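Protein chains in written order, with numbering that gives the first Met the number 0: chain A, 0 to 535; chain B, 0 to 506.
Careful, some of the hints might be misleading.
Cut-off 25 angstroms, straight-line C-alpha distance, at most; resulting in silico cross-link-like pairs (PhoX-like, lysine-lysine) [claimed, not checked]:
| id | chain 1 | residue 1 | chain 2 | residue 2 |
| --- | --- | --- | --- | --- |
| 1 | A | K257 | A | K190 |
| 2 | B | K390 | A | K380 |
| 3 | A | K149 | B | K414 |
| 4 | A | K389 | B | K390 |
| 5 | B | K388 | A | K149 |
| 6 | B | K282 | B | K390 |
| 7 | B | K196 | A | K149 |
| 8 | A | K149 | B | K442 |
| 9 | B | K390 | B | K451 |
| 10 | B | K196 | B | K62 |
| 11 | A | K496 | A | K530 |
| 12 | A | K384 | B | K231 |
| 13 | A | K94 | A | K80 |
| 14 | A | K389 | B | K442 |
Honestly, the hints are just simulated from the structure, not real lab data. Only a predicted model underlies this, so the values are computations on that prediction, with no experimental measurement involved.
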Amino acid sequence: MNLSRRELLTLFLGAPFAYAACGSGAPGPFPEGEIVGQTVNIGHIQRENRSFEVPADKWETKKVAIVGGGIAGLTAAWKFKKENFNDFVVLELEKEAGGTARSGQGDPVGFPWGAHYLPVPFKENTDLIPLLEEMSLLDGRDAEGEVVVKEQFLCREPEERLFYLGRWYEGLYLRVGASEEDLRQFDAFQKLIDGWVNWRDAKGRRAFAVPLEACSDDTEVTSLDKITFAEWLRQNGLNSERLIWYCDYATRDDYGLKLDQASAWVGLFYFCARVRKSGVDSQPFITVPEGNGQFVNHFRSIIGENIRTSQIVVSVVPTDKGVDVICLDGGEPRGVHCERAIFASPMFTAPYVIRGFREDPPFAAAEFQHNAWFVANLHLKDRPKPRFAKDFPLSWDNVIYESPGLGYVTATHQKGIDYGPTILTYYYPMCAEPNARTTLFNYDWKQLVDVCLTDLARAHSDIYELTTRIDIMRWGHAMISPRPNFIWSGIREKAVKPYRNIHFAHTDLSGVALFEEAFYHGLRAATEIRKEIRTL
Amino acid sequence: MKRAPLLFLNVFVIATCGLIYELLAGTLSSYVLGDSVTQFSIIIGIYLFAMGVGSWLSRFIDKHIAEKFVEIELAVAVVGGFSAPLLFLTFAHLSYFGIVLYAVVFVIGVLVGLEIPLLMRILQDELDFKDLISRVLAFDYIGALVASLLFPLFLVPKLGLNRTSLLFGMLNAGIGIWGTWLLFPLIKKNVTAMRIKGFVIIVLLAIAFIKADRLTTLAEDALFMDNIIYAKSSSYQRIVVTKGKTGYALFLNGNLQFNSFDEYRYHEALVHPAFAAYNGTPKRVLVLGGGDGLALREIEKYPSVEFIQIVDLDPDMTNISYAVPALGELNKHSFDDPRVHLTNGDAFVWLDSAKTEPFDIAIVDFPDPNNFALGKLYTTRFYNLLKNKLKPDSSVVIQTTSPLVARKSFWCIVKTLETVGFTVRPYQTTVPSFGIWGYALAKLEPFDAPTKPPPGLELRFLNDDSFASMFEFSNDTSRPDEDIEVNRLDNQALVRYYEAEWRKFEQ
Chain A
0 MNLSRRELLT LFLGAPFAYA ACGSGAPGPF PEGEIVGQTV NIGHIQRENR
50 SFEVPADKWE TKKVAIVGGG IAGLTAAWKF KKENFNDFVV LELEKEAGGT
100 ARSGQGDPVG FPWGAHYLPV PFKENTDLIP LLEEMSLLDG RDAEGEVVVK
150 EQFLCREPEE RLFYLGRWYE GLYLRVGASE EDLRQFDAFQ KLIDGWVNWR
200 DAKGRRAFAV PLEACSDDTE VTSLDKITFA EWLRQNGLNS ERLIWYCDYA
250 TRDDYGLKLD QASAWVGLFY FCARVRKSGV DSQPFITVPE GNGQFVNHFR
300 SIIGENIRTS QIVVSVVPTD KGVDVICLDG GEPRGVHCER AIFASPMFTA
350 PYVIRGFRED PPFAAAEFQH NAWFVANLHL KDRPKPRFAK DFPLSWDNVI
400 YESPGLGYVT ATHQKGIDYG PTILTYYYPM CAEPNARTTL FNYDWKQLVD
450 VCLTDLARAH SDIYELTTRI DIMRWGHAMI SPRPNFIWSG IREKAVKPYR
500 NIHFAHTDLS GVALFEEAFY HGLRAATEIR KEIRTL
Chain B
0 MKRAPLLFLN VFVIATCGLI YELLAGTLSS YVLGDSVTQF SIIIGIYLFA
50 MGVGSWLSRF IDKHIAEKFV EIELAVAVVG GFSAPLLFLT FAHLSYFGIV
100 LYAVVFVIGV LVGLEIPLLM RILQDELDFK DLISRVLAFD YIGALVASLL
150 FPLFLVPKLG LNRTSLLFGM LNAGIGIWGT WLLFPLIKKN VTAMRIKGFV
200 IIVLLAIAFI KADRLTTLAE DALFMDNIIY AKSSSYQRIV VTKGKTGYAL
250 FLNGNLQFNS FDEYRYHEAL VHPAFAAYNG TPKRVLVLGG GDGLALREIE
300 KYPSVEFIQI VDLDPDMTNI SYAVPALGEL NKHSFDDPRV HLTNGDAFVW
350 LDSAKTEPFD IAIVDFPDPN NFALGKLYTT RFYNLLKNKL KPDSSVVIQT
400 TSPLVARKSF WCIVKTLETV GFTVRPYQTT VPSFGIWGYA LAKLEPFDAP
450 TKPPPGLELR FLNDDSFASM FEFSNDTSRP DEDIEVNRLD NQALVRYYEA
500 EWRKFEQ
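With the rest of the complex left out, here is chain A (with noise of 0.2 angstroms):
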C-alpha cells in the first residue's frame, strides 16, 4: 500500500475530527418504538353500516349506556355514580378510556398522550371546582374567593422557552432581534386583547368565558366569527412577522388550525378566557406528568367496572320507549336495551351509528370537522445538553421558531426531578398539509419518528443517541376544527337538543376541543337525563 504523505497525514489528522463529529452531529442508530392506540379499521367497521344480529341471549337492560369513554362521556359517568346510581354502562371503542386525555406509564414518571394541563377556572366555574376539590388539588379559597390551586400541581416555573437561531429564550413571544416596530405591534395586540377582556354586554357577560355557553351572544363579538384570525390582524393593521408567527403558534395549539383556518372569535377566545381583567396574568395552568391522564385515572377510579373498553358501537337505534344499543364485543354483537342513551362520541359519526339520523338529520352532523395530529412520546436516557452555558434552561413547554411542529412538554418537569431519564411529549398538528388524515395514516412509525427527531435536532443535536425509545399515537380525529362561521352558526343549539331518547355530550358541541367543555357538556347530560328518568 503506497499512501501519499498528504493522504496519511489526512488519515491521521482528520480521525480526531471525524470522531467529533460522530459523537455531536450525525444521526445514530434509530430507536425502538411503535404506533400505539386508535386502530383504524375498527373505527372504520361503524361507517360501513351493518346491521348486525343480536342474539337474544346476548341483550342485556340498562337504564342508561353512555357510548364513548372520553371526558364527556366519563364526566356523565361520574355525576351518576356521585347520585348513586349505578343502572349505566359506558361503552368504549378503545382499549382505554379517556380519549384524548388518555396518558402513559413510565419511568420515572407518566406522560401525556393528548391533553395535558387545564387552567385554574374561575369561581364563576363553580360546576367544575367540586371534581377539583374532591381530588385533593385545592388549598381553599383567597380573599376573593377564587380557588387556591396547591403548589405542586400548578405548573412549575421555567415554564416555556422558544428555540431561534441556535439558541433558547425564555417566553413564547419572540422579544430577542425585536424591532421597536415589532413591540409597537405586540403592545397594541396586547392592548386590543385587554379590551376583549374588559368587554361586557348589557347582560354583564363577558365576550369570551369558560364555559363556552357563558359567553356572550352580542353580534359585536359573534360578528368576529365570521373572519379568520389572519384577517382579524390584518384589519388591526398587525403584521409583525413575530406577532403573526406568536398568534399562529396560538390556533396551531389550541385548535390545530393555522392562524389563516381559525376563526378570529376562536383566536380572540384563546388569549382572552383565562384573564380576569386587562393587566393580569392567564389563569396558571394545573397539570402533572400524565397531564389530564389525572382526570381520567380520577374518573375510572370512581365509576369502575361500569366501564367497558374494546366495544366497538355500530348501532344506536332510538324506539318509542328508550334506545338499543347494539355494540361488538370481541366480534360478538351485544344488545343493551335502555331508556336513554348519551351520545358521548365525536359528532360527525352520529349519521353513521344512530338510526334514522341520515334519513332526517337534526343537525347538519358533516359540519363537525375534525383534524389530524400524531403526539410521539420519546423517552431519552438523559436531557439534551445545553449548547450555552447561558442558554435559557429546560422548560415544561419547549418550543423551535418557525416550525410545523409544536414542540414538547417535559413530563418530568413538574415533579422537580431535573436531573437523568425523562420523557418528552412531542406535538404535531396536521394543518399544512393537504388530506391530513389520509397523509397521516398512509405514514408508518419510522417516517414519523423522522418527522419528530429531524426537527427537535434543529434544537438537540443530541437527540438522536439520548432518545431510547419512541412511540407514536396517531389521532385521526383530534379535535374539532373551529373554522370561521362553525360556532355561532346555529348548528351548536341544534346539536345540543337531544334526538328521540338520546342526549349529545361531546366537547364538539362547543366548537372547540377543551376539558371544561366536554366536562360542561357530560354534566348536563347526565344532569338532563336524571331529571327525564326520575320523572319516568
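Given the coordinates of chain A, assemble chain B onto it according to the supplied hints.
Using the frame of chain A, we list chain B on its own:
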C-alpha cells in the same frame, strides 16, 4: 562556510522547544483534567508516537529539503507557540477538550519528528555518518535536559504556561528565519517571502506574549487564579478544586463553595446555632446538600447524635474527599463516620418520596439559587416537604446567600420560610472568602434566638462573646421595607431576585 556547528545549535534549540511543548501539554491537561499520571502518560505516548510518524514521513520529502525545514520550523512556531492559549480557550468553551488536546499534541509531535531527520540530511554532506549521529543525538538529548530543568524551575513559576508556550514559539520561528540565512545556498525559492512570513509569526507571538494576562482571563474567566488540582465534569456540574497560597478552594460551575483557610467560620456558623436552638439532646440529623462533608465534620462533634442522613445530588461531589485526599483531611474524613448515611439524589425528589423517621435537626446547605433547578430547593413547596420530615420542636438552618449583596434574595428566603409556618431567626457572619454571609435559623414553634454556642465543643470561630451578635443586622442588610415576593415553584421569584442582584458583580 562551515555550517555544521551552527546547525548543531539549531538541533539543541529545536530539542528544547520540542520537549517544552510536550511538558506544557502534559501540565495543562493534568491541571484541568486532573489525574496527572494518566495525563502525562497519554501525552508522552501520543507525542513520541507522533514524532515517529513525523520521522517516517520525512522519507517522502526528496526535494527542497532546506525550504521544507524552514517551513516546518515556522509551522511548529505557530502550532506549538499558540498551543497553551488555544488549549485554555478550548477548555473554557468546548466540551470535547480532550480531542483538541490530543490533536494538538499529535500535530506538534509530527512536525517536531520531521525536524531532526531533515536536519541530519542537510548535514550528511558535511560529516561522517558516525560523527553526525553522535553529535546530533548528543545535542538533542542536551536540549531535552535543559528543557526539563528550565520548565519547572524557571518557566512555569516565572512566566506561566501561556507565556512559556508563546516564548518557545518565538524561538522556533527565530530558528526558521535564521535558517534562511544559514541554509541560503540550499534555498532555491523566494527567500524574502519566507523571511516575511517568519517575522509576521514572531510579531503575532510577541503580541500574544505581551497580552498574555488578558488571554488568561479570557480563557479561565479570571476564575482559577491558583493551580487546578482537580477538575471533573460530573453528570450534574463542573467541579474544580484549586490549591493556592491560602489553601484549597472548591468551585461548582465556577462558583466558589469554600476556601480551606476560612471555611471553618462558615461551617461553624452554619451548624452550631441549630444545635444551640434545640432543646434536649438531638439524635437524628438531616443534611441536605453539603456534599463537601464539612458540615458533617461539625455535626460529628456531638456525641448525642446517633444518625446522620445526608442527601446530596452528586456522587462525584460526595466522593471528593477520596479523589482529593487533602479535602478528606479537611473534613476529618467525615463520611467514614458510621453514623453517616449517604443518599445521592435530588433533595426535592428525596423529600417527596423517602419514607423516614422525623429528624431533630436539619442543615440545609445548597449552592446559591442561581438556576431554576436550585431555585426549587428554596420554595414553599420544598419547605412544606421538609416540614413533613420534622418534629414540632425540631430546628432547621438554611444557608441563605449574602444579605449584603443579595438583600432581597436573603429576605425572600426568610419570608418564604415564614409563609409555610416557620418562626425564623435570620443571622449573618463574615466569611472573608464570601463576604457578609447569611443563614436562617427556623423552628415550627416560637423561639428566641440562642445566645451562646452549645457548651463543651472545640470551636475555632464561635464563642460566647460574639455568638449573639450574629443575630443583629446592620442598616444595609436588614429587612427592606419594600414588598418581597414569596418564592414558589410556579413563580421562582428567588432565582429572578438573585440573578438581578448578583449580575452587578459579574463583570
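Just to be careful, I want the Cα atoms of K257 (chain A) and K190 (chain A) compared with a cutoff of 25 angstroms; is the pair within it? holds (23 angstroms)
Assess, step by step, whether the Cα of K389 (chain A) is no farther than 25 angstroms from the Cα of K442 (chain B), and give holds or violated. violated (37 angstroms)
Verify the proposed pairing of K196 (chain B) with K149 (chain A), using a straight-line Cα cut of 25 angstroms. violated (71 angstroms)
Would you check the hint for K390 (chain B) and K451 (chain B), treating anything up to 25 angstroms between C-alpha atoms as holding? holds (23 angstroms)
Next pair to validate is K149 (chain A) with K414 (chain B); report whether the Cα-Cα distance is within 25 angstroms. Roughly 19 angstroms separates the two Cα atoms, so the pair holds.
Quickly compare the C-alpha distance for K282 (chain B) and K390 (chain B) to 25 angstroms and report which way the hint goes. With a Cα-Cα distance of about 12 angstroms, the restraint between K282 (chain B) and K390 (chain B) holds, given a limit of 25 angstroms.
For the pair supplied as a hint, K388 (chain B) and K149 (chain A), is the alpha-carbon distance within the 25 angstroms limit? holds (19 angstroms)
Given hint K442 (chain B) paired with K149 (chain A) - CA-CA distance at most 25 angstroms: holds (23 angstroms)
Take the C-alpha atoms of K390 (chain B) and K380 (chain A), compute the straight-line distance between them, and say whether it is at most 25 angstroms. Violated, at roughly 38 angstroms.
Does K390 (chain B) lie within 25 angstroms of K389 (chain A) when you go C-alpha to C-alpha? This hinted pair is violated, its Cα atoms lying about 40 angstroms apart.
Are the Cα atoms of K384 (chain A) and K231 (chain B) separated by 25 angstroms or less? holds (16 angstroms)
Agreement of K496 (chain A) and K530 (chain A) with the hint, judged by alpha carbon distance not exceeding 25 angstroms: holds (15 angstroms)
Hint compliance for this structure: hints 2, 4, 7, 14 are broken, all remaining hints hold.
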